[in-house]
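**Q** Spelled out from the first residue to the last, the chains are:
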Amino acid sequence: MSEQSITRQNPGSAPPARSSRFKINWDYLGLAPFFLFAICFLLLPSASIFVRSFTGTDGSFTFDNITAIFQGRDFINAYKTSLSVSVITAVGGGIFGFLLAYAVILGGLPRWARSFMLTFSGVASNFAGVPLAFAFIATMGNAGLVTQMIESIFNVDLRAAGFSIYTIWGLSIVYMYFQFPLMVLIMAPALDGLRKEWKEACENLGGTEIHYWRYIALPILMPTLLGTMILLFGNAFGAYATAYAFSGSFINLVSIVIGAQIQGDVLYNPGLGNALALGMILIMSVTMIGYIAMGRRAARWQR
Amino acid sequence: MKRVNIVAWIVFIIGITYFFLPLISTLEFSMRMVKGKYTFHAFEVAFQDPEFYINFGYSLFWGVLTIVCSLILVVPTVYWVHWKLPKLRPIVEFITLMPFVTPAVVLVFGLIRLYGSPPIILTNTPVPLIAGYIVLSFPYMFRSVDAGLRAIDVKTLTEAALSMGAGWGVIITKVIFPNIRVAILSGVFLTFAIVMGEFTFASLLSWPAFGPYLEEIGAMRAYTPQALSLVSFALTWSLIMVMQRLGRGAPGSEQVAGAH
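Here the protein sequences come in this chain order: A and B. One rule links them: number in this note's numbering = place in the first sequence (from 1) + 166. One rule links them: number in this note's numbering = place in the second sequence (from 1) + 160.
Hints listed in this document are in silico derivations from the structure and should not be mistaken for laboratory results. If you're wondering where the values come from, they're calculated on a predicted model, not measured in any experiment. Virtual Cβ for every residue (Gly too), placed ideally from N, Cα, C. Check each hint, because a few of them may be wrong.
Unchecked claim - Heads up, incomplete: computed chain B residues facing chain A, CB under 10 Å, no partners named: (1) Trp243; (2) Ile294; (3) Leu317; (4) Phe370.
As the list claims (entries may be wrong) - Covered by chain B, per the in silico footprint, the following chain A stretches (three or more residues, Cβ under 8 Å): (5) 359–368; (6) 395–404; (7) 417–430; (8) 435–447.
Said to hold, decoys possible - According to the in silico footprint, chain A covers these stretches of chain B (three or more CB under 8 Å from chain A): (9) 176–185; (10) 211–222; (11) 259–265; (12) 271–278; (13) 347–356; (14) 382–388; (15) 395–404.
Bound conformation, chain B alone (with noise of 0.2 Å):
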């Protein structure tokens, strides 16, 4: 018989009770917003601003971009390593990482200074933006898109496509992709996950998007700073989720840390 540990019991409900509290506070705050009864009204409330559906807008397309230039960036990339270079391997993923070395705050800043004087202005752009979270993107993107081949046969089906006189946009879109498709969703979901919520470079760089809404009316009102806090959790939550179902047995799966 499986002797009943108390120690991991406890140290479970201590590891819940400290997932759930501020959820559950932030639940009861949001909630108070008419005085002396529990309503959902600074969810309406927070539901009725334009200003909302501007910037959440301005994230989503935001993230889509980021997904599909990081796509275009990593795909071939990795592919390509794969197939001709398995040698630079380890400089590609080296380079992937370096959002670890560099915090957001330290690359916005060199970002800045470097793309917001002659010769080359950016900074009017949203170049430095785009390039800023496909640099948060590459260690997931990566990890997937590298996971994804290593369980091809990215030779014979490349030489078998060359054979049949496929050039290389067929082969990437028709041969490779379809073939990575699940293991790659990973790496997109985070990214996605990431961007939505990212306040660091949209802020630095004086962009609309959500997390500098978010924290503008944080500053100036009460209860629905907290409400949208807790939709944007509901919204990491179902993107972990959903990521999760499909990711399940394939490889890549894995993550190491997001955007603070």
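Just chain A, with the same shape it has in the complex (with noise of 0.2 Å):
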């Protein structure tokens, strides 16, 4: 830092300059260990998925396996699901949490209400896998309770009439309990940063509630609002335990399927489960990049 800066203040000394771009510079050695381990466990385990995904049995250059996946209408239906599940628990879980941040900073409950719902989000926001999952079949699988207290209050057999927990909508509402939390955590502070003077200015040059809310306040918050929600999508998307847990094998996820091909090479082609994991990294970076860009626009007003 210092070199640099005396450099720059003699433009006359070329020849140190010149030499000083071409030094290695040796403290980047001081990341070395942590490069190191970057490379070992996160980059070459992708690497090895994308390259397998496209390797054929015999150890050739393939297609096939990327192919397969379109061809093969199960695999089309896990992603289908994942995706749905993704979507309905990331627009749900977002305008939910979004309300409910709403409700406790500047809905005019008591401050206990605030600090009691940003505390249980944090803890419910890392609440999951196999705990959330059992927690809900005790809520409402067969012998759960409010599945008891539907039956006998409207004295119908559920079971009977073919309602089932184990679907897209059984496993979304599970989902749930840590999207809307997290959708909270990241909002709240949002809501706070929103300004008192805007509201004023708003008022004085005549403007209602709605416009308040139409005009500047939606607007500002969107980015966050659509970041959240992007990250919530990538949060149901790679999840694994809550559904394994939850219904086995029942609800066919992309991550269920990989994790099935890992017990035991289910899919009887090492290729395509390689390509399917290779989809969901895909899907996954495009949902990161999202994440970014809206970040950024975000703090546009944040200072």
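Dock chain to chain to rebuild the complex, using the hints, since each chain is given by itself in its own frame.
**A** Here is the structure:
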């Protein structure tokens, strides 16, 4: 740093500046352990998935694994199911989480309601996997409390009526438990960041509450809102443990298919599993790019 | 006077119901073990199983090992970035965010395929498991260490220590680490909470842990899995509460997502 500023002050001393440009910067060596770890346990596994997606059983280059995904109805359906659950819980969790954040931050609720909701959101957004699945089986499974209550109140037999919670919608209700709290955690500071002056300026110009939300608050919050929904989408799309413990392989998600492929070559084609995993990485990458782009836009109004 | 917002109250109550109904149902379900009356018998049975202690112990061990390795990897790296190579900060941050791009099930798939066959076989060691957990911990660890280092003057502290003849080990452990101890607690607690309940890596890599154990008894028995689910929730709850208490006002206590 100091070396650079000295050379900048003395533009006449060209030789040292030139030699320093071609000198190896030994400082980079300090990051070697971190990058080595990242290469061994992030880059190489991803790269191997990429390479093996295009490798046939005989070891030659092929597109067969990729085209097999689009030919197998099961694989297309697995992607459709994963995408559906992710979109449903991202939009549903996003909207409900936003309303909840609005209620506790700006809705005039007492302070305890706000701190309680934020603490509980912190816990719930991290509570997932096997215990969450079991909690919901105890809630709305065949012998669950809510199921029994509905059956006794309305005097119906839900199971006989063909009702099952092991569907996309049932799984979505489970996922919502960690989805909307995450929205609350991210939206609460954003709502806190709305300045009183903006609302006052709107009122001074004769604007109503509707004008304020339509033309000022929502446009400012929109990048954060959409960005967080994209994050929720990715959160649900990559989930495996919760779905596995909830329904076994009942609901045919991409992550479940990949998990089954690891436990035993159920697809009878190692390359196909790699291609499915590659598809997941691609969708998650697009998700991440969208999230970063939204984050950039949201940062405009944060100072 | 503030007007009472009925809509806000309704939304709040729906939210509370969503939070608590599964917990109440799980408690109610776990208490049905003895027919005809509510007891805590399922909890007694759950805690009498020696397998529970073995698997829980393994999870504790994985958790501590992950935290130690993650700190050894992340603290010097982020420190070095702050002191010498601030330009590389976005690249390091991007790498720490990779678990959001590569889902656990995909990463474990890649690790098993890559290190399960020659030339390098690691799947008979816990290396892929701990490596996977370290990757999972990256976003939280980076965030908290980064925020902690931003709050102190890394350059001045380091140069003062160097001019007094301190070596690198002393600088990291005696100068930098004590200064960011509170800030990194949020990363440590979140990592611990995630590893304690983790299922995907442990199950697919076939290592004993609390998550796979819970799933296994869930497939065989009733009542005790629900009791242990509540124990797991209480554990997550207390870890997050401790984290929020300790990290009050400390930077970096923001959290993004867990392992689902």
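**Q** Apply the coverage criterion to the region 176–185 of chain B and chain A: a residue qualifies when its Cβ sits closer than 8 Å to a Cβ of the chain, and three qualifying residues are needed.
**A** holds (count 7)
**Q** The hint names Trp243 (chain B) as touching chain A; please verify it with the least Cβ-Cβ distance against 10 Å.
**A** Hint on Trp243 (chain B): holds, closest Cβ of chain A at ~9 Å, below 10 Å.
**Q** Under 10 Å, Cβ to Cβ, is where Ile294 (chain B) needs to be relative to chain A, so tell me if that hint holds or is violated.
**A** At about 7 Å, which falls below the 10 Å cut-off, the nearest Cβ of chain A leaves the hint on Ile294 (chain B) intact, so it holds.
**Q** Given that the region 359–368 of chain A was listed as covered by chain B, double-check it with a C-beta distance under 8 Å for 3 or more residues.
**A** violated (count 0)
**Q** Closer than 8 Å, Cβ to Cβ, for at least three residues: run that test on the region 395–404 of chain B against chain A and report holds or violated.
**A** It holds: at least three residues are needed, and the region 395–404 of chain B offers 5 whose Cβ sits within less than 8 Å of chain A.
**Q** Does Leu317 (chain B) hold up as a contact with chain A if the rule is Cβ-Cβ below 10 Å?
**A** violated, 16 Å
**Q** Holds or violated: the region 271–278 of chain B covered by chain A, criterion of 3 or more residues with Cβ-Cβ distance under 8 Å?
**A** n = 4 at 8 Å, threshold three: holds.
**Q** Report holds or violated for chain B covering the region 395–404 of chain A, Cβ cut-off 8 Å, minimum 3 residues.
**A** Our answer is that it holds, as 6 residues pass the Cβ test (under 8 Å) against chain B, meeting three.
**Q** Are there at least three residues in the region 259–265 of chain B whose beta carbon sits under 8 Å from a beta carbon of chain A?
**A** Held - the region 259–265 of chain B has 6 residues with a Cβ nearer than 8 Å to chain A, which meets the minimum of three.
**Q** Hint Phe370 (chain B) vs chain A: min CB-CB distance below 10 Å?
**A** holds, 9 Å
**Q** Taking a Cβ-to-Cβ distance below 8 Å as contact, does the region 211–222 of chain B have at least three residues touching chain A?
**A** Coverage by chain A is violated here, the residue count being 0 at a Cβ distance below 8 Å.
**Q** So is the region 347–356 of chain B in contact with chain A by the C-beta rule, three or more residues under 8 Å, or is the coverage claim wrong?
**A** holds (count 3)
Figure legend: structure checked against the earlier numbered hints; hints not met, in rising order: 3, 5 and 10.
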